[in-house]
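S.K.: Heads up: the sequence lines are chains A and B, in that order.
Residue numbering for the first sequence follows my numbering, starting at 194 and increasing by one per position.
Residue numbering for the second sequence follows my numbering, starting at 599 and increasing by one per position.
Source of the hints: derived by calculation from the structure; they are not laboratory data.
Ideal Cβ placement from N, Cα and C applies to all residues, glycine included.
Below, computed lysine to aspartate or glutamate pairings styled on EDC-like, alpha-carbon distance capped at 16 Å: (1) B/Lys784 with B/Asp814; (2) A/Lys215 with A/Asp225; (3) B/Lys862 with A/Asp459; (4) A/Lys510 with A/Asp480; (5) B/Lys808 with A/Asp463; (6) B/Lys862 with B/Asp876; (7) B/Lys662 with B/Asp708; (8) B/Lys808 with A/Asp461; (9) A/Lys510 with A/Asp483.
Here are a few chain B residues that face chain A, going by a calculated C-beta distance under 8 Å: (10) His823; (11) Gly826; (12) Met865; (13) Ala867; (14) Gln879.
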Amino acid sequence: MPEPALLDAAGLRLSLPDHSRKPPFGPAPAVDILHGIDLTLAPGDTLGIVGESGSGKTSLGRTLVRLYRPTAGRLLFDGRDITALPEERLRPLRAGFQMIFQDPQSSLNPRRRVAEIVAQPLHLHGRAANGAEARRQVDALLERVALRPVHGERYPHELSGGERQRVGIARAIALQPRLVVADEIVSGLDVSSQAQILALLRELRRDLGLALLFISHDLSVVRTVCDRVMVMLNGRAVEQGDCASIFAAPKHPYTRRLLNAIPLPDVDPDWVARSAENELGETLTMDVKDSVALVTGANRGVGEAFVQALLDRGAAKVYAAMRSTEGYAPPDGRVQPVALDVTDHAAVAAAAADCGDVTLLVNNAGVNHNQPISADAAQGNARDEMEVNYFGTMEMCRQFGPVLGANGGGAIVNMLSILARVNLPMIGTYCASKAATLSLTQGVRAQLAAQGTLVVAVMPAAINTRMGDMNPPPLEEPGDVAGAALDAVEAGEEDIYPGVVAGGVSQGLAADPKGVEKQFAEYLPG
Amino acid sequence: MTAPQITPGTPPDGPILSVRNLHLAIAGRRRRTPILRNVSLDIAPGEVHGLVGESGAGKTMIGKVILGIQPSRAVVTGGSVRFGGRDITHLPERERRRLMGRGLGLIPQDPMTSLNPAGRIGGQIADVLRLHLGMDRAAARARALELLNDVHIREPERVLRRYPHELSGGMRQRVLIAIAFACRPKLIVADEPTTALDVTVQRQVLALIKEMQAQDGASILFVTHDLGVVAKTCDRVTVLHGGRVLEAGDTRAIVEAPQHDYTKALMAATPRHDRPGDLLQPVPEALTARLNEEALAYDAGPDTTSASHA
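Between the sequences and the hints, there should be enough to build the whole structure, so can you do that?
M.R.: Pasting the structure below:
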């Protein structure tokens, strides 16, 4: 960048107390609003921040002008660190960065005349020696935003929505700031007033060299004032870049959804009905080539096969996660061993922070104690199976879901078993844990659909590995199962039953579930 | 009044709603301020009719007059509103109430303030059903549940017990749509029903309104300032400024080949992300001034002006 950044935010995080969950005594629990936002703004730059309500865009705007204090990260304004600057030292700097609020109705004091409202920052920052001087400046400011001096004598409620918003703008530029954050300032206006305000913003930007951070839920509007845009979802930036390329080829499904939701003024009687289909029926797919994958239980069996299949298909990097990396020899330079026990939730959180570039998560780690329900009197083995197969997968999905969202959606592959659909009493507790994990997978899928994450459930029959070789043949080859799972990722299939046996059982379940259940019941122990 | 008439184009089956030469003024201490000037529009059964204009154009007032809920200072000074062939312009309060619900419905603009904050959702829907259809408590509750299902609210049993503040804006708008359609009215006035919503939620709500409309065959008067929304949802459209109808016709004709300068200006003010080169043009001040002059001249006397500059 030729010019030094005016605003430079790195890894900005924000947590606020959630008062809706506050217990009767004690502090309210914190809720995470922003999960590490990076952005820079050069002098005179315009950046649009787009997202739905609840995406954190307003909180981000408020944090950038230090109305909120970031919980973590670093915030530089004009090269100066203001991340944690106390208010009294911040105040003189505030003239440099101002905010225009969403609702002029509530952000303008109803008991003050417009002239007093606009003059207030001048007085607070000692920019006007006396009343006459202030009045002269106020008149110039009102003219600047295309209001007449008579408007200065009015109260906010006597103005139209567009006029009120102009007052907000006049107040924001009174101190000749270098950065203005405009939060949804046209969302309450009709198209004509909106066009006027947007034209005014473009003018001010040109004449005053303002840097502008324009927050909106409407990408159409953003395009008319901004050079760059950042799309936010759940407190993360899912896509960022210059408007021309993002509008021409939006990468993230969420960006596409936002764009498709805008009703352009072209007649299209089916548009409305199509939207309902789109929301539900858009197939998510993902290329394995160039992906960054993380495979759990990667040192043996199907995990090892997954690593190899990923490498064969051109994955950029594979994190091979296993309990202990001791003695593990990575098969390729692209493989990075990670010591990770999925039952250690702190370790899973740490891995999600360390492996922030993951786009494809393969939850393969699992245990099978090979026991019927009747055998496990102490429930120790059954709990172990749940701990690894269910809770381990759950924690991985929980921690890596946001990572995948931030990296464009991505995919999760959960290695289950056909025994998630029907219980084989000979190994009843294992089957129960896999059934729970199948249900979990469906829940994760529903939750992550909005951020464009594909969630695949892989349900093969017995596989030719150390864990499966006590089963009667035919056994599936691990490489075939891993390959089928990656095929599903690329084709956007959600539930797959690789192999002849699993396919047959799944068809049987569809035709005659009770019959299949009876057949499996014959494999009782003893 | 002998001012030139803009023909709204007669719908095929005879209109369910027919507004003819409607004049309305706000009574002040000394004089009456005209708000609606010779407004005519027809809505056919099953038609979605867009009413477009800037704030202050009088579009919300037309909806209010149709529903008979205009403020008491607003006086109809001429013309008529016919609903199902019956003149309802000056209907007494009691008869008016009988018309609401089964005849006329409303989807209000602001989902935040249009529900009673102190009542549970289920009760508020059931009240409408009991009042207008005379249902008993159990039947009303069952129908309320069905309605929440119809508007695609997940876990409707739980939502029935919720208070408005516990729901999101989109959910509240869904509840209001359920209420509007509760008694299967013949005409619904939708007053900027999606203006307060995010684009994605707006799209869902528009889909819902169209789906419910197709199911029930109701007509809708869709009040909005957004020609994009009109283009996607309305069969026909009336363009309003300063309480005057400037242009009316099929949506395709109006959107693709607007005749009136003002309609063209509104199109130019509507953002399009697919045409990055076009800078938004606010409605030119000269045009606004000309239209305001025309309106005043119209008030001064029928012979001094023409209402339409095509």
